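Can you make the complete structure from the sequences, with help from the hints?
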Amino acid sequence: MIDLNTLSPIAAFALLLGALLLWLFLPLIPAIMELIRPRDATPLNAVGNDAGRLTYFADSFTQFATREGLLGMTVPARLSDGTRVRAHAHNAPLAASDQPVTDIVVLLDREPLPENTVLESECVARYSTQGSAGVTYRALLGQEDVLLGRNSTILRWVHARGHLVAETGTRLIGRATADDSITLATNVSFDRLESGVVRVSGDVAQEPPAMATVTRRDFVPEPAVSMGPNYWRVAGDLTIPAGAQLTGSVIATGSIFVREGARVNGSMKAYREIRIEKGVVVSGSCTARGRIDIGAGSRVSGPLISETDIYVRSALVGAAGKLTTVTAPVVRLMPGATVYGAIMAAESGLTIRSVP
Amino acid sequence: MNILMAANIGLWFCIVVLAIYTVRHYFFTLNRLFGRHRQPFVDVIQANWPSLVVFVPAHNESKVVRDSLDALLACDYPEDRFTIVPIDDRSVDDTRAILLEYAAAYPGRVKPFLRDGGIPGKAAALAEAMNEHDGEIALVFDADYIPGVRLLKQLVAPFFDPEVGAVMGRVVPLNVGLSLLTRLLDLERAGGYQVDQQARMNLRLVPQYGGTVGGVRRAALAQVGGWNVDSLAEDTDLTVRLVLNGWDVVYQNRSECYEEVPETWESRIRQIKRWAKGHNQALRRYLGALIRNRRGLPLIQVLDGVLLLGVFVVPLVLLLGWICTLTLFYAGSPPSWGRVTILAISSFNTVGNFAAFFQVAAASRLDGSRERIRMLPFLFLGFLVSTLSVGRAAMSRASWLRGQPVQWQKTERHRATRSAGTP
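Chains as they are written, first to last, in numbering that gives the first Met the number 0: chain A, 0 to 355; chain B, 0 to 422.
Be aware that one or more of the hints could be misleading.
[Said to hold, decoys possible] Partial list, derived from the structure: chain B residues whose beta carbon lies under 10 Å from chain A:
#: 1; residue: Pro-39
#: 2; residue: Phe-159
#: 3; residue: Glu-162
#: 4; residue: Gly-367
[To be verified] Cβ pair distances, simulated, as ranges:
#: 5; chain 1: B; residue 1: Val-91; chain 2: A; residue 2: Ser-79; range: 53 to 61 Å
#: 6; chain 1: B; residue 1: Arg-283; chain 2: A; residue 2: Pro-240; range: 45 to 53 Å
#: 7; chain 1: B; residue 1: Phe-12; chain 2: A; residue 2: Asn-264; range: 49 to 57 Å
#: 8; chain 1: B; residue 1: Leu-32; chain 2: A; residue 2: Val-329; range: 20 to 28 Å
Calculated directly from the structure, the hints in this document are not laboratory data.
For clarity, every value in this text was computed on a predicted model and none was experimentally measured.
Positions of the beta carbon are idealized from the N, C-alpha and C atoms, including for glycine.
The following block contains the structure:
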């Protein structure tokens, strides 16, 4: 032990200085170790491959399934990593069981799976498949049409090379995509949908007339601040009267109400809500911090973007060949709602009969 | 007023300013850790995409411009609505030849804009090039940036909101592991984008358009008077003018793009000084307009705008605080309200000085980084260099006076040169 009383002043100072430097050096030890032997010095894996491509997992699995021979004429008993594969067909069906199926399942023909089957691995349907009620799929790749029976569940993704139909009570967790179309019954929940056309059955969307059937009155918002040619900013609420025509884009710091039969040849943004009544045509987009409500018989060509919720009644969003996006934390679609493109519900998507 | 009173007032002014910035740092960080992540446009994946022109200003960029053009050409934006305009502004290396080579290889898609005269600098080059090209949306990428396949759509998506005048993506360093400096810059960038910019987006404040990995709506640019060609920081200048005129600036945290950060301290110091001078110039130009607030912006936005513009004055304030403290100490006159002052100073030194570190640490956690957080103590070194550089820049005439000549301030490139046709 050092007797501090016998230390010379210089030695005591040196000791104190040394202790101080050691104290300061301590937090640098991990830093110096990381600098000398880097363990985390690669660029952030930031540019995600799957971002914005809903079919990413389906495409990746298709490549995998092709490599493993799952899409060929015969089904291998095991994959190259040892995973077991089970075939399901009319002459060799899977037995009904309370136990989940952990193997990859290949549906060789149109024979439905037993009701309430739980598939914990991916499932490949070689032909059109008619799902039974209550089946749970981890992921389902349909080479033709896919019909999900009542109360089915998709846990990660489903992709149909043809049409995808979901019967009532189905839960589409994750991604649901189809090359041709997606048709949803009411009481179907979803997260992300994408197809050439997504519609809710039970009603037919009434298309607003392509050409004006009456002489329209040009409408210019007043009072408003001009932000350029045909570009306005309105303080507070804005109402576009029935049958009027607004040519340009408008931002309102309150809500925007578009009355029956009006036309907006531009885009709209509201700090609160956008409410569109029957038979309205909007050629641009609708963006709102609050709710967007699209009335029956209306058409919006551009994206619908809300920071809270979107309700689409028996109306059209987008057009064939001009796909668009509906995105909000909460999305509610009613019978007849037809969206050409993608629907993204970050928190809750649901098809409902009417607004509660 | 004697010198002691002045020092007292000066000290308290410094304490208040630094405290405001400290609170701002912590507030933003806590928002990112516990607040709602606001990204309303990230899921717009299908749309009738508007016409787009991507400008790539280049001045002696032969080492890097090929990578950038190749990455842009690989983007999934509809080809019939998308033109790439690389701008060569009086390069003396092979940049021009490379651009002409790409124009020949991709006719109609790559249309170089070549400059041999006029006012030098990025803003002037952009202003002239934009006059030659239509397109509802103009995106700007520096020549060393490498976008991912979907980045253009991600950056254009916010413009479906008619209020959005400009958009900014996230910059991610590519050359992280080369030196202590690049590792520190990686941490700083993470803190700046993952926390600072996104928090301002969450809170509807003033995210900054950063001049690259971003873009502007042509109608908005025209309405605010186009690019200020004598601006030393055309991005900050444009951000403030857009906000003052009622446009929104949107930050897209998921729209990431790789960049090459400076690899030498000399480059880094030049970069910081350029930013500082530009910010200070914008502060001088727009502080009055922001405070007058004739457009009736929300007060919180005005405050954030002022703090954004003043961020490069903070080191000067810190310096002033030290001078005041020393003056009072050696004059044998302790600050008035001595205990309160000591409490304020010690609070700042125990908590306040670590605000920026807290921000960087939170960013690393949000990014899912595990080990790079160990480099955090070295950030003292980076901050010391930044503080001194910013202080020197703040003393320069260019920061505050009108009519200073604008010139290209280029960051040195270190990437290995790639010849035509090589991957």
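Checklist entry - Would you say the C-beta atoms of Leu-32/B and Val-329/A sit inside 20 to 28 Å of each other? => result Given about 25 Å between the Cβ atoms, the range holds.
Checklist entry - Taking 10 Å as the limit, does the beta-carbon of Glu-162/B come near enough to a beta-carbon in chain A? => result holds, 5 Å
Checklist entry - Does the Cβ-Cβ separation between Val-91/B and Ser-79/A fall within 53 to 61 Å? => result Hint holds: Cβ distance 56 Å, inside 53 to 61 Å.
Item to check | Proposed interface contact between Pro-39/B and chain A, which counts if any beta carbon pair is under 10 Å | outcome: holds, 5 Å
Item to check | Consistency of beta-carbon spacing, Pro-240/A to Arg-283/B, with hint 45 to 53 Å | outcome: holds, 47 Å
Next on the checklist: Against the range 49 to 57 Å, how does the distance between the Cβ atoms of Phe-12/B and Asn-264/A compare: consistent or not?
Outcome noted: holds, 54 Å
Item to check | Cut-off 10 Å, beta-carbon criterion: hint that Gly-367/B touches chain A | outcome: Holds, about 9 Å.
Item to check | Hint check, Phe-159/B versus chain A [nearest Cβ-Cβ separation less than 10 Å] | outcome: holds, 4 Å
Of the numbered hints stated above, none is contradicted by the structure.
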